[in-house]
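Trainee: What follows is the residue order along each chain.
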Amino acid sequence: MMHPMISALSRHKAGVVLIVLQVAITLAIVCNAVFIIGTRMERVARPTGVDEAPLFVVTQQWSGVDTGKPDAVATLDAMQREDLSAIRQLPDVESVSPINSLPLLNSAAWNGGLGLKPAQNEPTVQASYYFTDESALSTLGVSLASGRAFSSDEVGHIAMGDAASPASVIVSKAIADRLFPNGDALGKPVYLDGANGPSMIVGVIPMLQTPGTNEYSSGFAYNSILVPSRINATFSRYAVRAKPGRLDAALRSVPEALYRVNGGRVIADDGVQAFKDVRAQAYRADLGMATLMGGVSFILLGVTATGVFALTSFWVDQRRRQIGIRRALGASRRDILYYFQIENLLIVAAGALLGLALAIGLNATLIMHYEMARLPFTYVLLALIAVVALSQLSALLPARRASGVDPAIAIRDA
Amino acid sequence: MFAYYLTLAIRSFRRNLGITSLMVVTIAFGVAASMTTYAVFRAVSGDPIPWKSSRLFVPQVDTRGPGEKKVPGEPPTALDYRTASDLLRDRRATAQTAMYKISPAVSSSSEGSHPANVDGHAVGGDFFAMFDVPFQYGSGWGADGDARHAQVAVISAHLNDKLFRGANSVGQDISIDSRSYRIVGVMRPWNPQPRFYDVVNTGGFSTASEDVFLPFATAIDAGVMTTSNTECDKNPEKPGIAGLAGSNCAWISYMAQLDDAAAVDGYRQYLQGYAAQLRASGATAWEPNIRLRDLPQWLDARHVVPPDTGVSLLVAFGLLIVCLVNTAGLLLAKFQRRGGEIGVRRAIGASRQAIYAQFLIESSLVGIAGGVTGVLLTMGGIACVHALLPLEIASLAHFDAPLLLGTIVLAVISSMAAGAYPTFRATLVQPTLQLKST
Chain P
117 MMHPMISALS
127 RHKAGVVLIV
137 LQVAITLAIV
147 CNAVFIIGTR
157 MERVARPTGV
167 DEAPLFVVTQ
177 QWSGVDTGKP
187 DAVATLDAMQ
197 REDLSAIRQL
207 PDVESVSPIN
217 SLPLLNSAAW
227 NGGLGLKPAQ
237 NEPTVQASYY
247 FTDESALSTL
257 GVSLASGRAF
267 SSDEVGHIAM
277 GDAASPASVI
287 VSKAIADRLF
297 PNGDALGKPV
307 YLDGANGPSM
317 IVGVIPMLQT
327 PGTNEYSSGF
337 AYNSILVPSR
347 INATFSRYAV
357 RAKPGRLDAA
367 LRSVPEALYR
377 VNGGRVIADD
387 GVQAFKDVRA
397 QAYRADLGMA
407 TLMGGVSFIL
417 LGVTATGVFA
427 LTSFWVDQRR
437 RQIGIRRALG
447 ASRRDILYYF
457 QIENLLIVAA
467 GALLGLALAI
477 GLNATLIMHY
487 EMARLPFTYV
497 LLALIAVVAL
507 SQLSALLPAR
517 RASGVDPAIA
527 IRDA
Chain X
81 MFAYYLTLAI
91 RSFRRNLGIT
101 SLMVVTIAFG
111 VAASMTTYAV
121 FRAVSGDPIP
131 WKSSRLFVPQ
141 VDTRGPGEKK
151 VPGEPPTALD
161 YRTASDLLRD
171 RRATAQTAMY
181 KISPAVSSSS
191 EGSHPANVDG
201 HAVGGDFFAM
211 FDVPFQYGSG
221 WGADGDARHA
231 QVAVISAHLN
241 DKLFRGANSV
251 GQDISIDSRS
261 YRIVGVMRPW
271 NPQPRFYDVV
281 NTGGFSTASE
291 DVFLPFATAI
301 DAGVMTTSNT
311 ECDKNPEKPG
321 IAGLAGSNCA
331 WISYMAQLDD
341 AAAVDGYRQY
351 LQGYAAQLRA
361 SGATAWEPNI
371 RLRDLPQWLD
381 ARHVVPPDTG
391 VSLLVAFGLL
401 IVCLVNTAGL
411 LLAKFQRRGG
421 EIGVRRAIGA
431 SRQAIYAQFL
441 IESSLVGIAG
451 GVTGVLLTMG
461 GIACVHALLP
471 LEIASLAHFD
481 APLLLGTIVL
491 AVISSMAAGA
501 YPTFRATLVQ
511 PTLQLKST
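Taken in order, these protein sequences are the chains called P and X.
Quick note on numbering: the first sequence equals residues 117 to 530 in the numbering used here.
Quick note on numbering: the second sequence equals residues 81 to 518 in the numbering used here.
These aren't lab readings, by the way, just hints derived from the structure by calculation.
Note that the coordinates shown come from a computational prediction; the quantities given were computed from them, not determined experimentally.
For glycine and all other residues, C-beta sits at the position ideal for the given N, C-alpha and C.
Be careful, since some hints might not be right.
To be verified - Some chain X residues judged to face chain P by a derived CB distance under 10 Å, without partners named:
id, residue
1, SER187
2, SER255
3, THR364
4, VAL391
5, LEU394
6, ALA413
7, LEU469
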C-alpha cells in the first residue's frame with residue numbers, strides 16, 4: 117500500500133511536477149553560476165606581488181624626434197633619463213623606474229622564453245620581461261627572496277624591439293623553481309630567447325605577476341623576469357611610487373613636471389593611471405560576470421522560494437478539511453507541521469536529484485562551448501543545501517498556518 | 081465577449097492581488113534577464129558587414145613552422161612582411177589589402193597645434209572600396225597612390241572635427257609623426273563592431289576611434305611603427321619597422337575579396353602553390369600549411385564573441401524557464417481554486433472553448449503586465465550592464481524599438497505558454513460535480 121503522503125501527492129501531480137522542475141533547473145543554474153563566481157573571484161583575488169596602493173603608471177610620447185637619425189637612440193635615452201630625474205626630485209614621489217609594462221596592465225607585455233643552454237631552440241620556460249632599472253624593486257615594493265638588486269652601472273638601454281642580452285637578470289621564484297628545482301638558481305646562467313650569451317641570475321623575488329590576464333598569458337601568470345635595461349622608443353612608461361598618503365598629489369604633480377621638462381610631449385587622458393584603476397580595468401569583465409551571475413542566482417532563488425510558498429499555501433487551503441479531520445482524530449499541531457515540511461522535503465529531494473543531472477549536463481555544455489572548467493562537487497553540494505534549506509523555509513509559513521487549523525472545522529464545514 | 085473576459089480577468093486579479101503581482105513580477109524578471117543578456121549577445125555577435133562578409137577572406141600562410149604555437153597546427157594569425165608583399169604583388173583577388181595598426185602623433189600642420197596620439201591603420205588603396213567605407217569629403221587613394229607611395233592620408237570625421245572644425249579638409253596638409261601628408265579623404269563616422277578588418281589587434285571590440293589611414297607602402301617607408309602584436313620566434317635583427325619587415329615575425333593583417341566559389345578555389349590553390357614554392361625554395365622546411373576563411377568563419381575562429389556573453393544568455397534563458405514554470409504553478413493554483421466559478425459558467429451554457437478563451441485572455445493579460453514591467457527592468461538591466469561590463473562591449477548594448485517589442489512579445493508568449501496547461505485543466509471541470517460539492 118502506498119504511503120498516505122505519496123498518495124496525497126499523486127492527487128496533484130501537475131503542481132508537484134512543476135515544483136520538481138523548478139527546483140531542478142534552479143539547482144542546475146545556481147551551482148554553475150556560483151562556480152563561475154568562485155572561479156572569477158579566485159582570479160581577481162590573485163596577488164600581483166607588488167605593493168599596489170601607492171603605485172601608479174605614466175605613459176607618454178615625445179613628438180618631433182627624428183628616429184631616422186643615427187643618434188636617435190642616444191637622444192631618446194637622454195630624454196628618458198631627464199624625465200626620470202625630474203620625477204624623482206618631486207616631493208610627492210618616493211621612487212620611480214622606467215618599465216615597459218606592469219602586472220595586470222595588458223599592454224606592451226614582452227613575452228619570451230628562457231633556456232638553460234646557449235642557442236636553445238625551444239625555450240625551457242615561457243616568461244614576461246620587465247625592462248627596468250636599479251630602482252625597480254623599491255618602486256614596485258618587491259623584496260628579494262635571495263640575491264641582490266641591480267646596481268646602477270648594470271643598467272643599459274636598448275632600442276625598442278632590439279634583442280635583450282643583459283649580463284644579469286632577476287627572476288621570480290616561479291621561474292627559479294621551474295628552471296632550478298633544487299633551489300640553487302642564484303648565480304646560474306639562463307639564455308634569453310635562444311641567445312648565445314648567458315644572463316646571470318643575480319636575484320630571486322618571491323612573486324611578480326605578468327602583464328597579461330588573458331587566457332594565453334594565464335599559462336605563465338607568475339613567470340616574470342627583470343631585465344636591467346631602459347627601452348628607447350618615441351614613447352616611454354614610468355612606474356611611480358608615491359610617498360605615503362601623497363598618491364593623489366603625485367598623480368597631479370608628475371604629469372605637470374613632465375610637461376615642464378618638455379612641453380611638446382603627449383600624455384593621453386588615460387596616460388596616468390593609479391594601480392587601483394589598472395586592477396579595476398583588468399578585472400572588469402570578471403567582476404561584471406560574477407555580479408551578473410550573482411544577480412541571476414538571487415532572482416532564481418527568490419522566484420523558486422515564492423513559487424514553493426505559493427503552491428504550499430494553495431495546498432494547505434485546499435486541504436483545510438482533511439487537516440481538521442486529522443487534528444480532530446488526535447494529530448498534534450506538530451504532526452501537521454511536520455507533514456507539510458516532509459512533503460516539501462520529498463518534492464525538493466526529487467527536484468534536487470533531477471537538478472544534479474541537469475547541473476552536470478549544463479556544465480558539460482559550458483565546457484564544450486565556452487571553455488569552462490569541470491564543476492567541483494563542493495559547489496553542487498553547497499547549492500543543494502541552499503536550495504533545500506530555502507524551500508523548507510518557504511514551506512514553513514504555510515505549514516505553520518496549516519498546523520493552526522481548528523479541529524472543529526471538520527464537523528462545522530461538512 | 082472579449083471585453084467580458086477582460087472584465088472577468090481584471091476582477092480575478094483584484095481578488096488575488098498578491099498572487100497576481102507575484103506572477104507579473106516573475107514574468108517580468110525572467111523576460112528582462114533574457115532580453116538584457118540578449119541585447120549584449122546581439123551586439124557582439126552581429127555581422128559587421130552583412131552584405132559582404134561572405135566575400136571577404138583572410139588568408140593565412142604558415143611561415144614560422146610547427147613548434148611552440150598558441151594553437152597547435154594553426155598558422156600565425158597574421159602574415160610576415162614578405163608574404164604580405166608577395167600576395168599584394170600577385171593581386172590574385174578582386175581586391176586586397178595588407179594592414180597594420182599604427183598610433184602616430186598627429187597635428188594639423190597649418191595651425192602648429194599640439195600633437196596628439198591617434199589610432200589608425202596603414203592600409204592598401206583597396207581598403208575603402210572593399211569595406212564600403214563612407215566618405216564625407218574626397219575619397220581614398222587608388223591603386224596609383226599605393227604604387228607611387230603617395231604622401232596622402234584619409235582621416236576620420238572625428239579627427240576632422242578636432243583639427244579642422246568639420247570643414248572640408250581635403251587638400252590640406254596634416255603632420256603625422258612629424259611628416260607631412262596631404263588629406264585626400266574625410267570619412268563619415270564609421271565604427272564597425274567588431275573591428276573585422278583587424279580583430280587580432282583590436283581584440284574584436286574597441287572603444288578607441290580609428291582616426292587616420294595611411295598607404296601601407298608609404299607608412300613602411302616613413303618608418304611609422306606598428307602597434308600591432310608581433311609574433312616572433314626571434315627578435316628582428318634591426319630595430320623599428322625596417323627590422324620587422326626583414327624578419328619572419330607575423331604582424332600584418334590581410335584581407336582579400338573573392339566574389340564567387342571559383343575565385344575562392346582559385347585563391348586557395350594559389351596560396352597552396354605559394355606555400356609549396358616557399359618549401360621548394362628552402363624558405364620553409366615544412367609542408368605547406370595554409371588557411372583561407374571567410375569573415376564569419378574568421379570571427380568564429382578568433383573567438384571574437386566573448387564566451388561570457390554566451391554563458392550569460394544561456395543562464396538567463398534558464399532563468400526565464402524557471403519563471404515560466406513558476407508562473408504555470410501559480411496559474412494552476414489560481415485556476416483550480418475557481419472550480420466553482422467555472423462549474424457555474426459551464427452549467428449555464430458556456431462552452432469549453434469559452435472557458436479556454438477566458439483563461440487564455442487572463443494569462444496573456446498577466447503577460448502584458450509582465451512585459452510592461454519587464455521593459456522597465458530591461459532598461460535597468462542594460463544600465464547595470466553599462467556599469468558592470470567592459471566598456472568596449474557594454475557600449476554596444478542599447479535599448480531600442482526591436483528590443484522593446486521583443487520584450488513584450490516574449491512576455492506574452494511566455495505567460496500564454498505558462499497558462500496553457502492550467503487552462504486545459506480548467507476546461508476539464510465537470511459542471512455538475514462542482515455544483516454539487518459547494
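Trainee: Could you run down the list of hints and mark each one as holding or not?
Mentor: The hints, checked one at a time:
1. For X:SER187, the suggested interface contact is upheld, since its CB lies about 8 Å from the closest CB of chain P, less than 10 Å.
2. Interface restraint check: X:SER255 against chain P, minimum CB-CB distance 9 Å, threshold 10 Å, status holds.
3. Among the interface hints, the one on X:THR364 is violated; its C-beta lies about 16 Å from the nearest C-beta in chain P, farther than the 10 Å criterion.
4. Proximity of X:VAL391 to chain P holds as hinted, the smallest CB-CB distance being about 5 Å (cut-off 10 Å).
5. The closest approach between the C-beta of X:LEU394 and any C-beta of chain P is roughly 7 Å, which is under the 10 Å cut-off, so the hint is satisfied.
6. Hint status for X:ALA413 relative to chain P: holds, with the closest Cβ pair at about 4 Å, below 10 Å.
7. A hinted interface residue such as X:LEU469 counts as satisfied when its beta carbon comes closer than 10 Å to some beta carbon of chain P; here the least separation is about 4 Å, so the hint holds.
Of the numbered hints listed earlier, the single one contradicted by the structure is hint 3.
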